[in-house]
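**Student:** Residue numbers (UniProt numbering): 1 to 282.
Derived by calculation from the structure, the hints in this document are not laboratory data.
Note that the structure is a prediction, hence the values are computed from the model and not measured.
Don't take each hint at face value.
Said to hold, decoys possible - Restraint-style ranges between C-beta atoms, simulated for each label pair:
(1) 214 with 193: 13 to 21 Å
(2) 26 with 79: 18 to 26 Å
(3) 228 with 3: 17 to 25 Å
(4) 165 with 112: 31 to 39 Å
(5) 185 with 43: 28 to 36 Å
(6) 113 with 162: 19 to 27 Å
(7) 54 with 193: 44 to 52 Å
(8) 185 with 51: 50 to 58 Å
(9) 228 with 186: 17 to 25 Å
(10) 41 with 217: 22 to 30 Å
(11) 51 with 140: 56 to 64 Å
(12) 112 with 193: 18 to 26 Å
Backbone N, C-alpha and C fix where the C-beta goes; we use that ideal spot for every residue, glycine too.
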Amino acid sequence: METRELRYFVAVAEELHFGRAAQRLGIAQPPLSRAIRQLERRLGAGLLERTSRAVTLTEAGAVLLREARAALDAVEAAERRTRRAALVATGRAGVVLATKAGASSELLAKLLDAYAAEPDAVTVDLLLCGIGEQERMLRDGRADVALLHLPFDTTAGFDIEELCTERQVVVLPAGHPLTGRTHVQMADVTELPGLPMPRWPGRDGTYPDGPGPQARDHVQLFQLIALGRACWIAPESCRAQLRDDLATVPVLDAPTVTTVIAWPPHSRSRAVAGLVRTAARL
1 METRELRYFV AVAEELHFGR AAQRLGIAQP PLSRAIRQLE RRLGAGLLER TSRAVTLTEA
61 GAVLLREARA ALDAVEAAER RTRRAALVAT GRAGVVLATK AGASSELLAK LLDAYAAEPD
121 AVTVDLLLCG IGEQERMLRD GRADVALLHL PFDTTAGFDI EELCTERQVV VLPAGHPLTG
181 RTHVQMADVT ELPGLPMPRW PGRDGTYPDG PGPQARDHVQ LFQLIALGRA CWIAPESCRA
241 QLRDDLATVP VLDAPTVTTV IAWPPHSRSR AVAGLVRTAA RL
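Construct the entire structure; sequences and hints are all you get.
**Tutor:** Here it is in structure tokens:
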């Protein structure tokens, strides 16, 4: 199969309409229909059910849609990584490190300082991500290496090195009655009246959703907590970036969070290897 055919099929499978798919692809509808029929003949399987009113995916079509998306993502990632490798080799670009904005701040600062002191260090370009985005950027080739957090991020398909494990705390408005306690339990947090856990849009379910207001980043989240509209359970290292109007209390039975440095297993980048070695040493 050609990548062109896969792109054609994905467009039709997502739009479920040949006219809209052709418009999206910038081609005429007849050659698009011919290409899909040719793909079906080659595979020996019907991919789409066509009627005068609707287009639907067959079971085989649903399988190909999933596989085609993964294949096209892999091709795009290969293109990005190849171009980046050429730029790094000629000194025109550094290694790209993806990390969640505001997370592991102290660890990140130590890592960057220690790596910069290495004799063969290259520039580290930081890619500051929203909640749960750094894993996707590593998979699609926009990043060479990433800091991920277990159990929230998925490390399947990556090589990893564990860096640190920490307990979690609940972030509350300063002056809240719970801030006078030395510790709390998860049940204390989930039952807090008027301080629900936030919702995280666009994270593919990697972070647990609460019933509270929507937060897209830490700036929004901290503002909501300070206003008494939400609370949040986070690794205790978050204390380093908290404002004066926020406070934390350890949550004894919350799962620990392990920060790992992750990279694609097929990476042969010396810069990535050097950065990983420095992180492991720290």
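**Student:** Hint by hint, note whether the structure agrees.
**Tutor:** Hints, one by one, checked against the model:
Restraint check, residue 214 to residue 193: a C-beta distance of roughly 20 Å satisfies the suggested window 13 to 21 Å. A hinted range of 18 to 26 Å holds for the C-beta pair residue 26 and residue 79, which are about 20 Å apart. Our hint of 17 to 25 Å for residue 228 and residue 3 is violated, since their Cβ atoms are close to 52 Å apart. Take residue 165 and residue 112: their Cβ atoms lie about 21 Å apart, and the range 31 to 39 Å is violated.
The beta-carbon spacing between residue 185 and residue 43, approximately 55 Å, falls outside the hinted interval of 28 to 36 Å. For residue 113 paired with residue 162, a C-beta distance near 21 Å keeps the hint of 19 to 27 Å intact. Taking 44 to 52 Å as the suggested C-beta distance range, the pair residue 54 and residue 193 conforms, at roughly 48 Å. For the hinted restraint 50 to 58 Å between residue 185 and residue 51, the CB-CB distance of approximately 57 Å keeps it satisfied.
Take residue 228 and residue 186: their Cβ atoms lie about 20 Å apart, and the range 17 to 25 Å holds. Distance hint check for residue 41 and residue 217: the Cβ-Cβ separation is about 48 Å, which falls outside the suggested range of 22 to 30 Å. Look at residue 51 against residue 140: about 36 Å separates their beta carbons, and that is not inside 56 to 64 Å. Separated by about 42 Å at the C-beta atoms, residue 112 and residue 193 break the suggested range of 18 to 26 Å.
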